[in-house]
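Those protein sequences? They're chains A and B, same order as listed.
Under numbering that gives the first Met the number 0, think of the first position of the first sequence as 0, with each following residue one higher.
Under numbering that gives the first Met the number 0, think of the first position of the second sequence as 0, with each following residue one higher.
These are computed hints drawn from the structure, not numbers from a lab.
Treat the hints with care, since some could be wrong.
To be clear about the criterion: a stretch of chain B counts as covered by chain A if any three or more of its residues have a C-beta under 8 Å from a C-beta of chain A, and this derived list gives those stretches [what the hints assert, rightly or not]:
#1 39-50
#2 224-236
#3 246-253
#4 327-341
#5 447-458
Even glycine gets a Cβ: it sits at the ideal position worked out from N, Cα and C.
For reference, the chains in residue letters:
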Amino acid sequence: MLRYIAKRIMLLVPVLFGVSLFVFLVLHLFTTDPAAMMLGQHATAEQVASLREELGFNKPLYVQFGVFISQIIQGDFGMSLMTRSPVTDELLARFPATVELAFAAMLIATLIGVTVGVISAVKQYSIFDYLSMVGALLGVSMPIFWLGLMLIILFSVTLGWLPVSGRIEVGMEPATITHFYLIDSLLSGNWEAFKSSVSHLALPAIALSSYSMAIIARMTRSTMLEVIRQDYIRTARSKGLVERVVVFKHALRNALIPVITVIGLQMGSLLGGAVLTETVFSWPGIGSFIVNAILAGDFPVVQGGVIMVATVFVVVNLIVDILYAYLDPRIKYS
Amino acid sequence: MFRKKSFFMLLLVSLLAVAMVGCGGGDNKEKAADKAKQKVFVFGQGSDPRGLDPAFVDDGESANPIVNIYDGLVRYKTGSTEIEPALATEWSSSEDGKEWTFKLRQGVKFHDGTPFNADAVVFSVNRQLPPNRTDAMPYASFTFGPVEKIEKVDDYTVKFILNEPYAPFLANLAMALAAPIVSPAAVEKYGDKFIENPVGTGPFKFVEWKKGQQIVLEANKEYWGGAPKLDKLVYKFIKENSVRASELRTGSIQAMNGVDPNDVKMLEEAGLNVIKNPGMNINYLAFFCNKKPFDNPKLRLAVAHAINRENLINFLYQGLAELPNSMLPNFMPGHDKSLQAPEYNPEKAKQLLAEAGYPNGLKVTLLTYSTVRPYNPVGGDKLAAAVQADLRKVGIEAEIKTYPWKEYKEIYTPEVVEAGDMMLYGWIGDNGDPDNFLSLLETKEIKSTLNAAKYSNKQVDELLMKGRTARTQEERNAAYSELQKIVQAEAPWVFISHSKDMAAVSKKVEGFDLHPVGVVYFRDVDIK
């Protein structure tokens, strides 16, 4: 087991190197010239050229990449061109917000997704089954950006139930302990702050969960259908067990194993893929930060952000793979 | 067993959460009551500032909070770019225009309690003069360009020594960028982190900055101009224009900038005031005047008469721009109301074409950029297509060449201008001084590429110099008026539009206006 983990961790190195190389090339070959962006309208062509030299942009690409890689290894993503502060600090300051949103979305997606999937499977070909699978199709195909705007118009502007955007009401931030507002407000007993964070979290979490929820529901339904037709389920029924026990204890537990893989994969993409949701809801996480950086030509932030997201993604997947062995005794890693 | 338990815990927590969201209503009322006691103004803007140290920023998102945290020696009057006293109570310049002496306001304190005096002014300016100036100070060389040195005369008098007479210098000192006076003690205390811990003398004190979320300021009750009416001023960062508009409609913010033209009607119908003020910018077409065919003023005028600018304003810009009569927007000192830009007249255009020696029309190349610019919210390619269509009607065939913005600067340097015959371009004013716009036609700016038209006229150069050395505004205005008349006759540019700046604000707010320089001064804003 330990050897397997070590091997997987070793494999992270080439993956992250590939990601670094890719993001570096994309940014250096195709994007706006940060030198021209930084200098503004007074700049002469000469000044742009001289700043480019100072920032090292006119060195050969492989030299620039070498410098970049050696910095990353030391955990240094350089300075943001926008804010002139270290990229690592900026990203870490925003990471908790992204994690909080991703976990909330995952929670919603799993609870609703699994429940809907189980009911659909048990009541196959019922109205509920058809409706929920149409809903799942919509969830998979609806652009998050559009869904977010619709949720805002319905729940915030028209009904006035929930706030439009942001992470908490201005001025209500709880004392900083873990940087997760929900946990911090509970730990510090700040009930108002907790309510405000939950109400701010609701819409972005629902919007973000839509895709994963649909995937989980469909996956649960299909594995449940498979399991329900197994001999041991028939046996369970024939020995007179109540249907509830058959479904939850015998069928669901076995059906959940592939579902958990999917949940793990979704978790990775939620942590990294909240870009659009964060932008729509002005959620102060790394996704919206990276979008701003792209628009401002702040390439150190884009590089650092993409590499950070990629790292989180592969690490989460690794953890899921390892958990798998615990959940399914048939799987042995050697 | 364990899994079942944790599943129920999750269920419980989420039910709890849903229940609490449901009972949010009553809570909001309490908050509203709190807010009534404390006047909190939340202003929605698109993103975080780059920083709050005026020496190190050049963006509008930074300028907005900066003008409310700091004061400069002078400031703009409400609604125009004329100058009035601020931290300096009076000033005078020497006979040769090279020495400027400022008397400072006494009894003013920085937010950290340290006194404002001549030492603070000298400190604020000196850190941006060579050899202290660095590349990271985007506006230092513009704002303090002509300053050779600054001297303390006594505790409440400072003297700037310029290396040439330069009247626009006064307007530079009113700018949000580079010019505001910072607390020397705070710069020393915070060092590199001063950019996130600003200390000035302005109407609002800095409280905190949550990156990606908001900046909170509180009233400076001891403000020299009288305590502001608001208790707190919050800049909330909301990226999407339409989401910002939704925030405004729900009342969770009181005002916003960057209104999307498509949202104007919806906001007005929702009972909000949409402010559409002329912006400090010009959107123009520049002819390359240094080479054939546009070295001929008659041909330039022919093009000017061929372009239907009213149509562009009404349809391309949906009425959210103003028709210029000159280079200067109308709120600027030096703007001459009597000027008239060439009117739309295709017949006259054809006649001028014939007189210029092109009775059968001609082929030219029009350069443009692919992006949206503040002075051209529909983008360079759409404007180019509209201009092309107008020119075709009088027999001018314009081939359009489009470049990405980052390459645009390099294609019209004097060396590579062969690429075309005319170009679309624009300018965003810096300091509200007429020189800042008019000097774009100065001969010496051909080399720096600011003079995109490569227009050179000795008389214009002389009048610009006269404007810089003049000691009264009347003298300056006279010189600028004459200059603009020459430009009108010679037509190195076609003045297409002045794009409007927009903001939307709740009707409960009083005293709120978008200043022509693009920021909102909150010292007199109140919530009813």
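Hint check results:
no., hint, verdict
1, 39-50, "holds (count 6)"
2, 224-236, "holds (count 4)"
3, 246-253, "holds (count 4)"
4, 327-341, "violated (count 0)"
5, 447-458, "holds (count 3)"
Checked against the numbered hints listed earlier, the structure breaks hint 4 alone; every other hint is satisfied.
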